[in-house]
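Novice: Take a look at the letters that make up each chain.
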Amino acid sequence: MNRFKLIDAGRILLLVVAVAAVALPLLWVALASFKTPADLNQPGILWFTPTMANWTEVLSSDIFAAVGRSVLVATITVAIAVVVGSMGAYSIARFSTGGSLSRFGILAAQVLPPAVLVFPFLSVAYMLRLNGTLVPIIFSHLSFVVPVVTWFLIGFFAAVPKEIEEQARVDGFGRFDTFRLVVLPQVLPGIGAAAIFGFTLSWNDMFYGLILSPSNSTILPVAIAGFNTFRGVELGPMSVAILIAIIPVVIASFFVQKRLVQGISGGAVKG
Amino acid sequence: MARVTFDNVVKKYGDNTIVKGLDLELPDGAFTVLVGPSGCGKTTTLRMIAGLEPVTSGSIRIGDKDVTTLEPKDRDIAMVFQNYALYPHLTVRENLAFPLRAIHVNRAEALARAEAVATTMGLSELLDRKPKDLSGGQQQRVAIGRAIIREPSVFLFDEPLSNLDAKLRVEMRTELLQMQRRLGITSLFVTHDQEEAMTLSDFIVVMRDGEVAQQGKPKDVYDKPNSTFVASFVGSPKMNLLEGTFSAGKFVSESGLTLAVAGVAAGTKILGVRPDDIVLEVGGKSASRGRVGVIELLGPRAIVQVDAAGHSLTAVVEASRMDGIVEGAEVGVSIRPGSHHLFDIATGLRV
Amino acid sequence: MKFQNAMMAPLLSVMAVAVGFPLLYSFWLGFTSYQLVSGGVTDFVGLDNYIRVLSDPDYWASLSATATYVFLSVTFELIIGLTIALALQSQKWFTNFTRSFLLAPMFITPIAVGLMFRFFLNDQLGAIPYYLDQVGLSYDFFGSGRALISLAFIDVWQWTPFMVLLLLAGLESIPKQPVEAARVDGANRFYIFRRVTLPMLSPILIVAVLLRGLDALKVFEYVYATTRGGPGIETKTIQYLTYQNGISYFRLAEASAMAFILLIIVMGVIVLLFRRLERVNVR
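The listed protein sequences correspond, in order, to chains A, B and C. For any residue, its number in this note's numbering is found by taking its place in the first sequence, counting from 1, and adding 59. For any residue, its number in this note's numbering is found by taking its place in the second sequence, counting from 1, and adding 42. For any residue, its number in this note's numbering is found by taking its place in the third sequence, counting from 1, and adding 19.
Misleading hints may appear alongside valid ones.
As the list claims (entries may be wrong) - Here are the computed lysine-lysine pairs in the DSS-like style, where the Cα-Cα straight-line distance is at most 25 Å:
| hint | chain 1 | residue 1 | chain 2 | residue 2 |
| --- | --- | --- | --- | --- |
| 1 | A | Lys221 | B | Lys54 |
| 2 | C | Lys111 | C | Lys195 |
| 3 | B | Lys259 | A | Lys221 |
| 4 | C | Lys111 | A | Lys64 |
It is worth saying that the hints were derived from the structure and are not from the lab.
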């Protein structure tokens with residue numbers, strides 16, 4: 060009995076340390092967002108008078124325009140990814156279309172270094188005179204969100220019992236109607252999780268955004284990087300910007316956690 | 043209401059021939075049961091009628107229409123699966139109404155018809171429940187109701203009673219039969235349970251290894267099985283089969299069991315006797331004697347196992363005639379006249 | 020068209036446009052002298068770009084730095100991740116909260132994480148150096164010889180949760196009977212872990228290491244946020260170097276060649292990973 064207690068205590072200690080390790084930098088940033096430049100120069104002080112100056116400065120800047128653009132890009136990317144990906148994932152899960160080649164292709168597309176694809180996007184954007192728009196970014200985001208979403212959904216589709224589809228076909232529905240009316244409702248939770256996951260991937264990208272978005276109307280991660288100027292330390296406002304990027308995503312992660320384990324089990328573990 | 047005809051239908055998976063040149067005609071409006079041991083091809087045959095399995099060669103007709111290449115939705119059939127396949131995201135009412143959506147019946151009429159069917163099946167109180175909140179028997183009723191609602195030409199049942207407990211199974215058998223009589227729709231029911239097959243069917247098809255072993259009215263198949271396989275498969279307890287020589291009104295087995303059997307041409311054959319046709323006499327004058335082994339009491343009857351000359355025979359004895367028949371007792375064994383079945387030793391076929 | 024192919028068609032079309040076409044174009048670019056400023060005028064220069072890249076010592080230094088980075092981060096992520104996953108598996112209280120909280124870092128945009136640590140570890144403004152100083156230790160996180168390690172540390176902070184996720188999924192999908200049987204047979208926890216759990220987990224461990232490793236290869240944001248390749252070229256990882264060539268110096272063609280070499284390395288690893296996955300499936 061004693062040995063059990065020791066291991067359990069160790070386990071809990073480990074988790075506490077882990078939680079603290081995650082929380083500390085975040086807390087520090089949160090605190091920093093309320094500090095004046097003077098206070099920021101003294102990392103040791105624990106008590107300080109909070110100021111809203113950083114918040115007002117950032118919130119009244121055009122950071123929300125950048126947020127809006129990130130939302131737009133992510134939404135369009137995810138919408139396309141879910142439609143295209145669910146159809147493809149269903150085909151792969153149910154019919155093993157393309158055999159190992161399709162699974163390989165999806166895996167490969169997920170791990171492609173962005174450096175390989177970005178220059179063609181840039182070049183074509185210029186050629187088609189789309190370099191002032193968000194279109195190149197959307198395409199570049201599709202290149203990694205679509206494979207991930209598809210891969211994620213394969214497991215969910217494979218879990219739908221074949222009998223339900225056969226029943227629908229016998230009940231008088233064609234194959235696509237069966238997919239639409241009977242199979243999709245079963246995988247809705249998986250699609251929700253995939254959408255959130257895909258949205259987060261798009262939301263977080265900076266590489267493509269840095270290179271492909273117009274300099275005066277950029278997406279959020281690039282805007283945040285903009286606070287990192289070598290001219291002076293804009294730590295306060297930067298902390299606010301970081302929090303704006305972090306908070307929605309951390310909240311989303313709470314909702315998605317359970318489904319993520321399910322999706323990864325379906326896709327990665329079972330190959 | 044339609045006949046179902048199979049014309050030399052073959053089904054292969056790669057090099058494996060599951061169904062070999064099947065020729066079948068299921069009578070219009072009848073309740074046909076397809077029965078056989080696992081792997082005989084009965085479920086594959088059913089699924090080919092449904093259109094869920096493609097046919098390798100041959101043709102299938104429903105009525106006069108060749109449906110061999112048609113999608114399931116174009117065949118005017120309904121099917122009930124072993125695990126009912128109810129749509130988990132829909133209520134009972136929506137499950138029942140679902141097939142009507144496929145033929146574009148308007149929503150109000152569909153729901154009204156769903157409620158009518160629910161009343162027929164005794165499901166009216168459950169209309170707003172989801173499948174996971176229903177018992178096995180209730181789920182099955184919903185599955186059947188969903189099959190009825192379109193009034194198709196053919197009903198297909200894939201072992202729908204196998205998941206129910208014994209008592210429920212017997213109840214549902216009766217309900218199913220009553221429903222089919224009322225609607226008069228050609229039905230094909232697949233099962234591995236020969237008792238179920240015998241009690242339900244107007245017409246029975248016994249399958250083995252992808253071929254039809256025997257088809258016909260249940261009574262005919264029971265009374266005149268055309269092979270040792272059918273003879274032992276149909277009827278419970280199993281028919282006793284003995285190999286031996288017939289001559290001069292007697293049957294003598296290899297190990298010396300002698301039985302009086304009149305009217306059989308001389309030669310070596312297989313003798314088949316149903317347990318009901320074996321007569322046991324305590325004391326008695328019969329030349330063949332045996333010792334009683336295990337007795338199973340079934341209320342009105344008893345299954346008595348008898349060891350005679352090295353053979354283990356099974357007999358069924360009326361409860362009223364069980365006096366003196368106890369474990370270890372010595373009994374005389376004889377066969378009711380005219381109740382014997384004869385099979386060729388080499389082929390197993392009836393002679 | 021067959022139903023299953025019709026269902027794949029939209030996916031394949033999008034992938035062809037978003038991945039297939041750029042891939043081919045990039046391949047072609049690597050053989051040209053294209054520069055964004057030249058306005059579309061390109062000469063075919065054969066393998067010149069590749070030769071130039073492969074004979075540049077800075078390129079090899081970059082590969083080496085990247086390899087070190089990947090090795091450090093993945094190793095620690097694996098060890099720490101496995102420990103946390105095991106701890107989480109037997110967790111009974113606050114399961115959802117702990118899991119969600121511990122998974123959170125992987126969802127944050129990497130540039131934000133990079134900037135966060137840039138200042139958290141900054142020798143003048145950061146909390147950690149300040150407290151280390153109080154205890155008498157002085158450690159320049161971004162100094163020579165240490166910057167790369169600090170970057171790996173940032174990677175560990177952000178991506179260990181991903182490892183935990185994969186390993187948790189793996190732990191929950193391996194059969195429980197062998198473990199129970201071993202326990203009934205009297206084995207102690209460590210023995211069970213080493214001889215029963217770990218072998219069953221090994222295919223998943225391999226997948227996790229390879230997935231994470233391939234992702235770590237692409238590190239860019241942390242470098243951009245903190246050291247910009249410095250001190251010197253110590254932290255000039257491959258993706259950062261490629262970015263510099265292409266965007267800062269406008270040498271798109273050369274950058275494409277650089278990227279493609281990396282692609283070949285990555286593809287090699289993927290084929291290996293895939294063979295391993297197939298073997299697991301067959302088993």
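Novice: Would you mind confirming whether the straight-line C-alpha gap from lysine 111 (chain C) to lysine 195 (chain C) stays at or under 25 Å?
Specialist: The given pair, whose Cα atoms are some 18 Å apart, holds under the 25 Å limit.
Novice: Going straight from one Cα to the other, do lysine 111 (chain C) and lysine 64 (chain A) come out at no more than 25 Å?
Specialist: Holds - the C-alpha atoms of lysine 64 (chain A) and lysine 111 (chain C) are around 14 Å apart, at most 25 Å.
Novice: Please verify whether lysine 259 (chain B) and lysine 221 (chain A) have alpha carbons no more than 25 Å apart.
Specialist: 35 Å, violated
Novice: Given the hinted pair lysine 221 (chain A) and lysine 54 (chain B), is their Cα-Cα distance within 25 Å?
Specialist: Judged against 25 Å, a Cα distance of about 21 Å means the pair holds.
Figure legend: structure checked against the earlier numbered hints; the only hint not met is number 3.
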